[in-house]
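In order, the protein sequence lines correspond to chains A and B. Counting in our numbering, the first sequence runs from 1 upward without gaps. Counting in our numbering, the second sequence runs from 1001 upward without gaps.
Derived from the structure by calculation, the hints contain no laboratory data. Take every hint as true, because none was put in to throw you off.
Listed next, with one range per pair, are the computed distances between beta-carbon atoms: (1) G1144(B) x S64(A): 52 to 62 Å; (2) P127(A) x G1046(B): 46 to 56 Å; (3) E1076(B) x H270(A): 39 to 49 Å; (4) S1045(B) x R178(A): 15 to 25 Å; (5) R178(A) x R1119(B): 23 to 33 Å; (6) G1144(B) x F139(A): 49 to 59 Å; (7) G1144(B) x F100(A): 30 to 40 Å; (8) A1171(B) x K184(A): 23 to 33 Å; (9) E1120(B) x K24(A): 43 to 53 Å; (10) R1018(B) x F26(A): 51 to 61 Å; (11) R1119(B) x L122(A): 51 to 61 Å.
Even for Gly, the Cβ is constructed at its ideal location relative to N, Cα and C.
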Amino acid sequence: MVNKVGNQTERLQPAKARFSKRLKRFYVKSAFWPPLAAFAGLFIVWELATIIFQINPITLPPASAITLEFFQSFSFYISHAWVTFYEAVLGFMLGLSVAFIMGIMMAHSTVLERTFLPLAVLANVTPIMAVAPLFILWFGFGTLPKVLVAAIITFFPMLINSIMGFRSIDDNHYEYMRSLHASKAEIFLKLRLPNSLPYLFSAAKTCVSLSVMGAVVGEWSGSSRGLGNVIMMSSNYSQTTRMFAAIFMLAIMGIGLTNLIRYIERKVLHWHMSVNN
Amino acid sequence: MESLSYIELKQVSKQYRRRGQVTEALHEIDLSIEKGKFVSLIGPSGCGKSTLLRIIGGLVEQNCGEVLIGRSSPQEAQKQKQFGFVPQSPALFPWRTVLQNMQLPFEVNRKATKQQADREELIKLLEMVGLGGFIDSYAKELSGGMQQRVGIARAFGSSAPILLMDEPFSALDEITREKISYLLLNIWEEYQKTVVFVTHNIREAVLLSDEVIIMSPRPGRIQAKITIDLPRPRTAELEESEQFQHYMSDIRYHLRKEWQI
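So that you can see chain B by itself, here it is in the shape it has in the complex:
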């Protein structure tokens, strides 16, 4: 299992063809992510960060280059249920209760893992995200922030060692967003899964990540990689520190280079 959770991309490119016109979504991406790390992909819209996430997760196939998840292809890893996907909208099934939604990853694709959902474990996770009292609630009874907390808990509760998060907080208001980013931080520090986190929020990227990958658009490519060398567990006080502010302005600097004004 050790070597499986290691993500490696070599010279990955992706083009989209639409009515004879070719758009280059990703251009020769080189990237490697160590097991148990929290890595953020940050960049403006259209820089291909979501596409990159979907290539890693085996949902989209690259045109050239190689992607390895451990020793296998993303499609093979997907078959083995190595990925916990957290989409932009929480994607809770409205006809299932919160707990039943948490159990969904265990119910499908039973060929890969025979593992049963551990009810106690899932409830413990829900309690960690502050939803211990909503186990039997339906999605329509929850606010957007609560739904996304379930989405995150569902990913951590599944057996997947790699979590792929596609701007999970982008639909939330600023205050909820800040609160949830700390919740995510707490769970991640306990579970230590590998996370690839797509965002366009600089604060979030610095707060959560071990490494921030800055991407630029047209064509989507990696512009800079910044290792965030801040102590863990990270706290709210840390956000006020000079070091934190320094990382933020560093990322902002790289993002602004693209502006060409």
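Chain A extracted, bound-state conformation:
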């Protein structure tokens, strides 16, 4: 009596097989259980490996010790994570806004695009690690240089995707707007902008975790706070447990931010083909 609509073959299966099939479907579709299983598996393998191979805790502390350290000094990690978090998010938003505005200009003017895109490419190919110390020199040890590093890392993919999104409009849509004698501004607001959203979100999903990396790189170059600073300091004092706790904090931040963007994307782009399937 599990379900009445089951087809012939399904009804012929023994109850046990049917149950495992449904369990599998539930598991695969769940957003929560599969990652949890993966993390639990990693935790167990890690823990056992450190015990069985008797690894020096300074090289690789047991997973349980890292967890314990994290919860014992919870407020310590949270306060440093908060610093890195707002540096990354501010940088991300700054990079996104500048890229968006430049994208609008470049999508409308080939002259601007041909002139300024090489500069953007230059900024993109220069290793950010190399530039970060310079920013510290210029802007001091405060928040600003970290925000700038995060912004620069975010800028390029956002720029390229916004230009692409504004440009790659359907010819039929464009011609339809022209037949109504729509102005350039109307074509931008009602056609190019909504058309660019899928491109912008797809760039934002990668950029938001890049911005966390940018903030950490900024902190490495000179800082007194933030998870990048925690990693740097614990590396100097061989506090491997603390280092791992900070690394996991960063990973969680990356996952959280990417999922936040993904959530907003699903809300905003419900009309788009790629959402829902």
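Please arrange chain B on chain A, whose structure you already have, making use of the hints.
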């Protein structure tokens, strides 16, 4: 308003230049379309019928000759939002619901007409094309035929007195196509707007039109004009009539003259 919806083309030619080579897309077209008439342009691919439609709609400019929409140029008429364009693909904006797509013509170019979209009127039109239950649906939830029905309803719902349709049914399967041509017939008979309809389907041309303009390619020119003198409202039974078949073979005859086999 009376004189505005009258389309007149005199000696219109259009050439395209590509890498020094000149292709003549249209050669000395003379054409006049009365207000409230349904006129089809039929011909093989490359006969310039789509170009002709776009010249009338002010989307493409002719090289020589004169085009008048009422007393003004196509560009001026376009500025006044005189045209409802139905492209080959329905061109529904995927981020808008069906009703929001219907409202789009009212939202842009507000200088021309201050007219607001009449929600009730638009819903009535959607019901006429059998989409009363899809007002808030998005394009991805509709089939190709349903999308094109919205495209047609959108054109009739707008304030434009002249509708320009560029092979609107060409992407649809034969059965859907037949059904939609009757839908178009019904709406048109109620709204009586001037329609210029580009097609390469002979049955469709005869069924819908007051006049069929047969075009031939290289260079694109008008080969014959046939007035379809069939009673309206036109019905499915009419399609079986001898008269209907006669018009169809007449058009086919003109189109075959070009074959030179």
